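**Student:** Next come the chains, spelled out residue by residue.
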Amino acid sequence: DVKVTQSSRYLVKRTGEKVFLECVQDMDHENMFWYRQDPGLGLRLIYFSYDVKMKEKGDIPEGYSVSREKKERFSLILESASTNQTSMYLCASLSPQGYTEAFFGQGTRLTVV
Amino acid sequence: AQSVTQLDSHVSVSEGTPVLLRCNYSSSYSPSLFWYVQHPNKGLQLLLKYTSAATLVKGINGFEAEFKKSETSFHLTKPSAHMSDAAEYFCVVSALYNQGGKLIFGQGTELSVKP
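From first to last, the protein sequence lines are chains L and D.
Note that the first sequence covers residues 1 to 113 in this note's numbering.
Note that the second sequence covers residues 1001 to 1115 in this note's numbering.
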């Protein structure tokens, strides 16, 4: 089974803290993604990466950065957490070869207080 | 550019009646299309995918979807709803070939199933 593992299910952080969300996949997939999910807005793409050390901005990159030093790991960084970043964060991976599906982690529910 | 629109934010059906969740897409080339389901406090699970083979796609749990290019639609159906189908459903278009595999999500349809 493909596994996409997010390091935490629930996190509570204070405003202004630097926050790291980690995602690891075990299928040697090239492409990895970070989304945030908010009620009524669906999933919105924050950043994605199609290779080690490569990254592309998604639709809502402001306030976030990412790191991909190894193929299996894709980290989302909140440089200075704010309350409007309280959300569910989902990591996904897929192989771009053919019409393959994306596999998702279980999500991290981040609350910034 | 690709986009996807789910026409209903909420659908309510009675158990045993048909389900129809509507999705329209926009794509400048032949798209890959997916339906994902998310049960409360769970991750996203693939229901089915369209990959330019058969236009009628069968998925898990009795769901199916029909790709209609002329209508740019990919509606999800099920003949008979079950209580366990209550969840949020996402229609997704994939920009595999020119955007690094970017997935574009609809805003989701919440399905309620009444006893």
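Please note: incorrect hints may appear among the correct ones.
Taking beta-carbon pairs under 8 Å as the criterion, some of the chain L residues facing chain D (in silico) [as the list claims (entries may be wrong)]:
(1) Val19
(2) Phe20
(3) Glu22
(4) Leu41
(5) Tyr64
(6) Ser67
(7) Gly105
Capping the alpha-carbon separation at 27 Å, the derived lysine-lysine pairs in BS3-like fashion look like this [claimed, not checked]:
(8) Lys71/L with Lys1058/D
(9) Lys1102/D with Lys1058/D
(10) Lys3/L with Lys1049/D
(11) Lys70/L with Lys3/L
Beyond 10 Å from chain D on every Cβ pair, some chain L residues (computed) [to be verified]:
(12) Thr15
(13) Leu43
(14) Arg44
(15) Leu45
(16) Lys71
(17) Ile77
(18) Leu90
(19) Leu94
(20) Val112
No lab work stands behind these hints, which were simulated from the structure alone.
Here the structure is a predicted model, which means the values were calculated and not measured.
Ideal Cβ placement from N, Cα and C applies to all residues, glycine included.
**Student:** Each of the hints needs a verdict: does it hold here or not?
**Tutor:** Structure-based check of all given hints:
1. Val19: It is violated, given that the least Cβ distance between Val19/L and chain D is near 20 Å, above 8 Å.
2. Phe20: Since chain D brings no Cβ nearer than about 20 Å to Phe20/L, farther than 8 Å, the hint is violated.
3. Glu22: 16 Å, violated
4. Leu41: 6 Å, holds
5. Tyr64: Violated. Min distance 16 Å.
6. Ser67: Nearest chain D Cβ about 17 Å off; hint violated.
7. Gly105: 6 Å, holds
8. Lys71/L with Lys1058/D: The hint is violated at about 33 Å.
9. Lys1102/D with Lys1058/D: 24 Å, holds
10. Lys3/L with Lys1049/D: With a Cα-Cα distance of about 19 Å, the restraint between Lys3/L and Lys1049/D holds, given a limit of 27 Å.
11. Lys70/L with Lys3/L: Holds, at roughly 16 Å.
12. Thr15: 26 Å, holds
13. Leu43: 4 Å, violated
14. Arg44: 8 Å, violated
15. Leu45: 7 Å, violated
16. Lys71: 14 Å, holds
17. Ile77: Per Cβ check, Ile77/L is outside 10 Å of chain D; nearest 20 Å; holds.
18. Leu90: Given a closest Cβ separation of 7 Å, the condition is violated.
19. Leu94: 6 Å, violated
20. Val112: Label holds. Min Cβ-Cβ 20 Å, cutoff 10 Å.
The structure does not agree with the numbered hints 1, 2, 3, 5, 6, 8, 13, 14, 15, 18 and 19 stated previously, though it agrees with the rest.
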